[in-house]
Amino acid sequence: MFALYGYQEIFLEGAWLTLQVALLSLVLSVALGLLAALAKLSHSTILKTIATLYTTIIRGIPDLILMLLIFFGGQLLINDMSYTLNEWLNETITGYYPTHEWTAYLPEYIDISPYFAGIITIGFIFGAYMAETFRGAILSVDKGQLEAATAYGMNKYKRFFRVMFPQMMRHALPGLGNNWLVLLKTTALVSIIGLQDMVKIAGDASGSTQKPFTFYLVVALVFLFYTAVSTSVLKWAERKYSIQTR
Amino acid sequence: MTVPTLSIKNLHKSFADNQVLKGIDLDAHKGDVISILGASGSGKSTLLRCVNLLETPTSGDILVNGELIEMKQDIKRGAIPASNKQVERIRSRLAMVFQSFNLWSHLSVLENVIEAPVHVLGVPKKEAIVKAEALLQRVGLYERKDYYPGQLSGGQQQRVAIARALAVEPEVMLFDEPTSALDPELVGEVLTVMRDLAEEGRTMLVVTHEMAFARDVSNKVLFLHQGLVEEQGKPEDIFTNPSSERFKQFISTVY
Ligand SMILES: Nc1ncnc2c1ncn2[C@@H]1O[C@H](COP(=O)(O)OP(=O)(O)OP(=O)(O)O)[C@@H](O)[C@H]1O
Ligand SMILES: [Mg+2]
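These protein sequence lines are chains A and W, in that order.
Letter 123 of the first sequence, counting from 1, is numbered 123 in this note's numbering, and no numbers are missing.
Letter 114 of the second sequence, counting from 1, is numbered 360 in this note's numbering, and no numbers are missing.
I should point out that these hints are in silico values taken from the structure, not numbers from a laboratory.
Check each hint, because a few of them may be wrong.
Computed cross-link-like contacts, DMTMM-like style, restricted to lysine to aspartate or glutamate with a CA-CA straight-line distance of at most 20 Å [said to hold, decoys possible]:
#1 A:K48 with A:D63
#2 A:K240 with W:D392
#3 W:K466 with W:E301
#4 A:K143 with W:E423
#5 W:K391 with W:E435
#6 W:K276 with W:E301
#7 W:K494 with W:D462
#8 A:K143 with W:E334
#9 A:K143 with W:E301
#10 W:K466 with W:D483
#11 A:K240 with W:E357
#12 A:K158 with W:E423
#13 A:K158 with W:E357
#14 A:K156 with W:D483
#15 W:K331 with A:E147
#16 A:K156 with W:E334
#17 W:K494 with W:E476
#18 W:K377 with W:E357
Model, not experiment: these values are computed from the prediction.
Between the sequences and the hints, there should be enough to build the whole structure, so can you do that?
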């Protein structure tokens, strides 16, 4: 393998971590995007409002700021909730057993791992972009395709999973691909919340070796490698689907 | 008298304040082939689509093998099916063939034919495949079983759609202008398959502009005009001796 002033192994781990964060965020963003798209297209005013608020707010704030807000805000929220729950449990129990001693049933301080915080934040951000992609894709599915599903007795779940979903995915593929490339690059932001991804490692390594250009060049090359592989996979998938759309 | 396979009683359907069907009665017994004729906008498609609840009737009854499709009143939406389960079960016994085929474009020909048997009726996949292959033989498309719909001609797609319909062993087959979207030279291959089905005793409701089919293949013809049955009877009677002026005009313009 290549030599990186003794950093090659830890750097490879960071590169793998970056990929994990990206893939898991992708899964989350697709799920959130689908839900938000369905909510936007539903007949319920409440669902529509929630989904519109979600996509408007997320898309109106820089990713970096969102990342910090969700990471630190999430920390506050979870610890507040855990504190309140602890108090409530203790009070309730003291109501029944006056001799009860205060106990921390939930941890008094929960540290959110930057790994999950990163995935949740990126998934949350890109869910908003995916929602738009999916909304367009759902609208472009031919009505007759769903009507045939209804006519042959499918219930609404089968209609969605057996007809709507596979059909919308081909319309969604180009947009999904674009979002994935941007998402992949956005993972560089997780280093600011302390995750040992390859960007963070490159930063640390450049500090101690005084070779920042080398390290950031390698980071750039790894990202380029990831995006190049993604692009060819997407091309292949689009070709595969276009045979069926003709 | 036996119970009709399909019975439509005093069916009304409005879209907002547009009254499209104004009280239709129709019985189809086993083996009946009923052609539904009428000018554009007379409500033929709407009638057919009400039968399997693709459109919800505003009022009236639909019975399949004597089983009434239960309806209830919803404050916002008016009449709606009382039980989605019942409607889904009944739909799976009525197969529809659409004007624009509506084969599932992400599935191969064979997958299209086994989709409803396997995923709606719960037939084991192996069994469904054996049967689907036989049906594809029958409509002359066995060799194309691994093609996607987009790779077939319109006539071939419609024959696959008929195989898909047959695969659920339907009580009644509903055809909505099955040849109208086809180039003239492809109409024949689809009509041949349909004649075959009529001969083997399938119960069929066919909305069509093919007068020859209505006259020669069906045993009953219904002429709709502005949401009402204007003329009905055996083809040999009403084509030679129409009682309605409008039907007379209609056949003279179509010929
Ligand atoms: N989903 C709908 N919403 C509102 N109006 C509708 C709807 N479907 C049909 N209509 C109206 O109902 C009337 C009858 O339409 P229908 O499609 O049943 O006619 P048709 O006899 O099948 O005509 P064609 O020969 O052109 O297919 C038309 O006036 C049409 O505009
Ligand atoms: Mg029509």
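Verification of the hints:
1. Only pairs whose Cα atoms come within 20 Å are accepted, and A:K48 paired with A:D63 is rejected, the gap being roughly 24 Å.
2. Straight-line distance between C-alpha atoms of A:K240 and W:D392 comes to about 15 Å, which keeps the hinted pair within the 20 Å bound.
3. In summary, the hint linking W:K466 to W:E301 is not supported, as the alpha carbons are separated by about 24 Å, beyond the 20 Å threshold.
4. Proposed proximity of A:K143 and W:E423 is supported: the alpha carbons are some 18 Å apart, at most 20 Å.
5. In summary, the hint linking W:K391 to W:E435 is supported, as the alpha carbons are separated by about 18 Å, within the 20 Å threshold.
6. Only pairs whose Cα atoms come within 20 Å are accepted, and W:K276 paired with W:E301 is rejected, the gap being roughly 24 Å.
7. At roughly 18 Å between alpha-carbon atoms, W:K494 and W:D462 fall within 20 Å of each other, so this suggested pair holds.
8. Between A:K143 and W:E334 the alpha-carbon distance is near 18 Å, which keeps this suggested pair within the 20 Å criterion.
9. A distance of roughly 14 Å separates the Cα atoms of A:K143 and W:E301; the hinted pair therefore holds under the 20 Å criterion.
10. A C-alpha spacing of about 10 Å is found between W:K466 and W:D483, which places the hinted pair at or below 20 Å, so the restraint holds.
11. With a CA separation close to 17 Å, the supplied pair A:K240 and W:E357 stays within the 20 Å bound.
12. For a cut-off of 20 Å, the pair hint linking A:K158 to W:E423 is broken: about 27 Å separates their Cα positions.
13. With a CA separation close to 15 Å, the supplied pair A:K158 and W:E357 stays within the 20 Å bound.
14. Using a Cα cut-off of 20 Å, the hinted pair A:K156 and W:D483 is violated, with the two alpha carbons roughly 45 Å apart.
15. Note on W:K331 and A:E147: the hinted pairing holds, with a Cα-Cα distance of about 17 Å set against a maximum of 20 Å.
16. In summary, the hint linking A:K156 to W:E334 is supported, as the alpha carbons are separated by about 10 Å, within the 20 Å threshold.
17. Pair hint W:K494 plus W:E476 holds up; C-alpha atoms about 11 Å apart against a cutoff of 20 Å.
18. Annotation: proposed proximity of W:K377 to W:E357 holds, straight-line Cα distance about 12 Å (limit 20 Å).
Hints 1, 3, 6, 12 and 14 from the list above are not met by this structure, while the remaining hints are.
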